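Modelling step: build the complete structure from the supplied sequences, incorporating the hints.
Residues are numbered in this note's numbering as their position in the sequence shown, beginning at 1, plus a constant of 130.
Keep in mind that a hint or two might mislead.
[As the list claims (entries may be wrong)] For lysine-lysine, the following PhoX-like pairs were computed, each having C-alpha atoms within a straight-line distance of at most 25 Å:
| no. | residue 1 | residue 2 |
| --- | --- | --- |
| 1 | Lys560 | Lys524 |
| 2 | Lys387 | Lys320 |
| 3 | Lys209 | Lys304 |
| 4 | Lys364 | Lys209 |
| 5 | Lys221 | Lys361 |
| 6 | Lys209 | Lys368 |
| 7 | Lys364 | Lys200 |
| 8 | Lys364 | Lys221 |
| 9 | Lys221 | Lys387 |
| 10 | Lys364 | Lys387 |
| 11 | Lys200 | Lys221 |
| 12 | Lys361 | Lys345 |
| 13 | Lys314 | Lys387 |
| 14 | Lys196 | Lys345 |
| 15 | Lys370 | Lys188 |
If you're looking for bench data, these hints aren't it; they were derived computationally from the structure. Bear in mind that the values here come from a model prediction, so they are computed numbers and not experimental data.
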Amino acid sequence: MIKKNPFQLIVALLALNLICFNLYSQDHMAPKNTYQIESVFQIDIDSAIGPATYDYLKTSVEQIEKINSKNPTNALLIKMSTPGGLVSTTKQILNLMGETTFPIIVWIGPQGSSATSAGAIISAGAHYLYMSEGTNIGAATPIGIGGDLGPKKNNKEKEEEKVTKSPDSDVRSKAINDLVALTKSLAESKGRDAAAYEMMITQAKSFTAQEALSKNVINGIANEMSDIWPKLLKSSFKIKNQAYSIVIDQPNVSFIKPTLGQQLLTIFTNPEIAYLLFLAGLALLYFEFQAPGGYVAGSFGILALIFAAMGFQFLTINFGGIFLIILSLGLFVVELYLPSFGLLSLAALASLIAGSLILYKTDDSLFELSHFVILSAIAPLILGMGLMIFLLYKTRPKEKIGNFFSILNTHGQVVGELMSESEIHFYQVKVDGQIWRAKTSQVYNIGDLVQVMSKQTSDLTLEIIKKL
131 MIKKNPFQLI VALLALNLIC FNLYSQDHMA PKNTYQIESV FQIDIDSAIG
181 PATYDYLKTS VEQIEKINSK NPTNALLIKM STPGGLVSTT KQILNLMGET
231 TFPIIVWIGP QGSSATSAGA IISAGAHYLY MSEGTNIGAA TPIGIGGDLG
281 PKKNNKEKEE EKVTKSPDSD VRSKAINDLV ALTKSLAESK GRDAAAYEMM
331 ITQAKSFTAQ EALSKNVING IANEMSDIWP KLLKSSFKIK NQAYSIVIDQ
381 PNVSFIKPTL GQQLLTIFTN PEIAYLLFLA GLALLYFEFQ APGGYVAGSF
431 GILALIFAAM GFQFLTINFG GIFLIILSLG LFVVELYLPS FGLLSLAALA
481 SLIAGSLILY KTDDSLFELS HFVILSAIAP LILGMGLMIF LLYKTRPKEK
531 IGNFFSILNT HGQVVGELMS ESEIHFYQVK VDGQIWRAKT SQVYNIGDLV
581 QVMSKQTSDL TLEIIKKL
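Right under this line is the structure:
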């Protein structure tokens, strides 16, 4: 009978456990599928996060999803440099990113770029996050329009604030806690350090590229976009709890340009510009009520308020487009009854173009209004306005400014005597219902009929002779 060594038995059991663990890991933890990236679609987010950003990203995602339905070999790269934006839009973007069936890569670059506030939270939802040297990420504490700046409070003031907590502070705490939970959940699902993201919100912490890499906030550093592809090779990611391993070489990069309507929305729905438009709209309406009847100030005021309402997300983009089109029709009608030298028509035309460009921008819309259709509808209006301007120009008075009222060789009547200087006499002469100052070398009586010979533009004095 062979005597067994207890030490050998322990080693054998450990080896057996290790083999079983490796088999389990290969079967349950390693990606079962590969995702080969042949094409990368790029979009740029380089402004404040708002409804226009969400619409731009949504249309891009839909475009990639449509292509992927035939050949799932595409990815989305978001080149980001943003100061932040609206929390509500940020959550919409995160929901959109969570529903995609392809990898999303966020690159904060080039140097000098930053993903702060809403940009940092959106970056947490990306499958891959890279930063260029000389960039930063963080400072995601939510603030109001008026800002959250003020003198730093000491410990005693903080304790007093906790005791006398106001409803506003409760609302702020709820907003912060909500963002913290959301961001930590996103970071954990992507294998990143959730504590660092929590510091971005609760302490307004901001990290450089190297700091973010050391704290496992990002996946790596890429100074150029081309530096990302080697880092993606053989990396793994999850889509709807399904693991994939990336296969990539040198993909074709295509840039998705924002539409004209999205560019327009980017300008007018910027939170800061929307606030200024709101104030400008109120001021124009105030001027209209103070001096009613012109309707020009009121028209531009309503136009500004509609854009401001879309920027505040009080009015959806689609309904905003409808209101702009209705406003344009109303302004065209008012122009027919109240000539405004074309100002109302210009406002109506701008409102019609803007409303047409942003129409059909709903979450479930599968239809997009063609620019050719918009041009076909607006071109006759532009041609009609151009024709009216041309006809007005052709029928303008031909005289120079100094001779806009020609009275040469016309007849008048002496109605008053002014004075005499040596041999020059001055009279008041009525010509075509107007009283003129006239001079002559002859002596006239009141009631005499005279003929105008010339007019001096310097002092508007007529030279007259007695009618023969």
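Between Lys221 and Lys387, is the straight-line Cα distance small enough, at 25 Å or below? Holds: Lys221 and Lys387 sit about 23 Å apart, inside 25 Å.
Against the 25 Å threshold, does the CA-CA distance of Lys200 and Lys221 hold or violate the hint? The given pair, whose Cα atoms are some 29 Å apart, is violated under the 25 Å limit.
Taking only the CA atoms, is the gap from Lys209 to Lys304 under or equal to 25 Å? Roughly 31 Å separates the two Cα atoms, so the pair is violated.
Lys364 and Lys200: Cα distance at most 25 Å? 24 Å, holds
Against the 25 Å threshold, does the CA-CA distance of Lys364 and Lys221 hold or violate the hint? Given pair Lys364, Lys221 is violated - Cα atoms ~30 Å apart, limit 25 Å.
Are Lys364 and Lys387 close enough, with their CA atoms no more than 25 Å apart? 30 Å, violated
For the pair supplied as a hint, Lys209 and Lys368, confirm whether the alpha-carbon distance does not exceed 25 Å. Cα-Cα ~21 Å, so holds.
Given hint Lys361 paired with Lys221 - CA-CA distance at most 25 Å: Given pair Lys221, Lys361 is violated - Cα atoms ~28 Å apart, limit 25 Å.
Keeping to a limit of 25 Å between CA atoms, is the pair of Lys387 and Lys320 held or broken? The given pair, whose Cα atoms are some 28 Å apart, is violated under the 25 Å limit.
Is the straight-line distance between the alpha-carbon of Lys364 and that of Lys209 25 Å or less? 22 Å, holds
Measure nothing beyond the straight line between the CA atoms of Lys314 and Lys387; if it is 25 Å or shorter, mark the hint as holding. Roughly 32 Å separates the two Cα atoms, so the pair is violated.
Quickly compare the C-alpha distance for Lys361 and Lys345 to 25 Å and report which way the hint goes. With a Cα-Cα distance of about 18 Å, the restraint between Lys361 and Lys345 holds, given a limit of 25 Å.
Going down the numbered hints, you'll see the structure goes against 1, 2, 3, 5, 8, 10, 11, 13 and 14, while the others check out.
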